[in-house]
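Q: Listed below are the residues making up each chain.
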Amino acid sequence: KNQVEQSPQSLIILEGKNCTLQCNYTVSPFSNLRWYKQDTGRGPVSLTIMTFSENTKSNGRYTATLDADTKQSSLHITASQLSDSASYICVVSGAGGGADGLTFGKGTHLIIQP
Amino acid sequence: DTAVSQTPKYLVTQMGNDKSIKCEQNLGHDTMYWYKQDSKKFLKIMFSYNNKELIINETVPNRFSPKSPDKAHLNLHINSLELGDSAVYFCASSQDQAVFSPLHFGNGTRLTVT
Chain D
6 KNQVEQSPQS LIILEGKNCT LQCNYTVSPF SNLRWYKQDT GRGPVSLTIM TFSENTKSNG
66 RYTATLDADT KQSSLHITAS QLSDSASYIC VVSGAGGGAD GLTFGKGTHL IIQP
Chain X
-1 DTAVSQTPKY LVTQMGNDKS IKCEQNLGHD TMYWYKQDSK KFLKIMFSYN NKELIINETV
59 PNRFSPKSPD KAHLNLHINS LELGDSAVYF CASSQDQAVF SPLHFGNGTR LTVT
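Chains D and X are the protein sequences, given in the same order. Residue 100 in the numbering used here is what sits at position 95 of the first sequence, and the numbering runs on without skipping anything. Residue 30 in the numbering used here is what sits at position 32 of the second sequence, and the numbering runs on without skipping anything.
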């Protein structure tokens, strides 16, 4: 069964600090892995998309890594800001690579405190 | 400019009623989707339309009927609402069904059935 598990479930850090969110998946065959940011009361917004051949991709202060061998990904946030408070969702695309093959994680709820 | 807009944002109704949620995208995308986010925060795909044609229809009760009058609109009609239908419903779009097309989500409609 395709699954995406994220840890921690929630995280509280002080503004300016760095943090790393984890994603483990069992989706097979694997096509790509996506990270989304979901602000409270809003829809998810795409941060990165990586294929199996990419092991790192950055979007501003967000850097995603992928180890397709161990089926693990991480999202590193540098110099956190209050606006980073949100849920971060890991999404893995399986066979076909399209939306019908997406498996969503439950998300990590990140709170940045001033 | 709102890329994917859905209305209403909140919908409170009683069991047995029929209700509709509307969605419009101004991104010129070919593919549109409906997702359901339950209380456990998992996002699950319900339907996918490509150029007004149904592509994905997951195991969803036939009380749910999507309608796409044109490729910029995908509405969701729900008959005989039940308590278990309470959730946040997200409309989304993507350029096409290609592997790396990111999803663009609306801000969700919170449906509460009493």
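By construction, these hints were calculated from the structure, which means they are not laboratory data. Take these hints with a grain of salt, some might be off.
The calculated DSS-like cross-link candidates involving lysine-lysine, where the alpha carbons are at most 25 Å apart (straight line), are [claimed, not checked]:
1) K7/X with K6/D
2) K42/X with K76/D
3) K17/X with K6/D
4) K38/X with K6/D
5) K111/D with K69/X
6) K111/D with K34/X
7) K65/X with K111/D
8) K69/X with K39/X
9) K76/D with K39/X
Covered by chain X, per the in silico footprint, the following chain D stretches (three or more residues, Cβ under 8 Å) [to be verified]:
10) 50 to 59
11) 106 to 115
Since this is a predicted model, take the numbers as computed values, not measurements. Just so you know, even glycine gets a beta-carbon here, dropped at the ideal spot from N, CA and C.
Q: K111/D and K69/X were given as a pair; does the straight-line alpha-carbon distance stay at or below 25 Å?
A: violated, 30 Å
Q: For the pair supplied as a hint, K7/X and K6/D, is the alpha-carbon distance within the 25 Å limit?
A: Not satisfied, since the Cα-Cα distance of roughly 34 Å exceeds 25 Å.
Q: Is the Cα-Cα distance between K38/X and K6/D 25 Å or less?
A: holds, 19 Å
Q: Starting from K17/X, check that the Cα of K6/D is at most 25 Å away, please.
A: The given pair, whose Cα atoms are some 34 Å apart, is violated under the 25 Å limit.
Q: Under the criterion that the straight-line Cα-Cα distance not exceed 25 Å, is the pair K69/X, K39/X satisfied?
A: violated, 28 Å
Q: State whether the coverage of the stretch 106 to 115 of chain D by chain X holds or is violated, taking the criterion as 3 or more residues with Cβ-Cβ distances under 8 Å.
A: Holds, because 4 residues of the stretch 106 to 115 of chain D bring their Cβ atoms closer than 8 Å to Cβ atoms of chain X.
Q: Between K65/X and K111/D, does the CA-CA distance stay at or below 25 Å?
A: violated, 29 Å
Q: Quick one: see if chain X covers the stretch 50 to 59 of chain D, three-plus residues with Cβ-Cβ under 8 Å.
A: Since 4 is at least three, the answer is holds.
Q: Taken at face value, is the distance from the CA of K76/D to the CA of K42/X at most 25 Å?
A: holds, 22 Å
Q: For the pair we were handed, K76/D and K39/X, check the Cα-Cα distance against 25 Å.
A: holds, 22 Å
Q: With a cut-off of 25 Å on the C-alpha distance, tell me whether K111/D and K34/X pass.
A: Judged against 25 Å, a Cα distance of about 13 Å means the pair holds.
In summary, the numbered hints that this structure violates are 1, 3, 5, 7 and 8.
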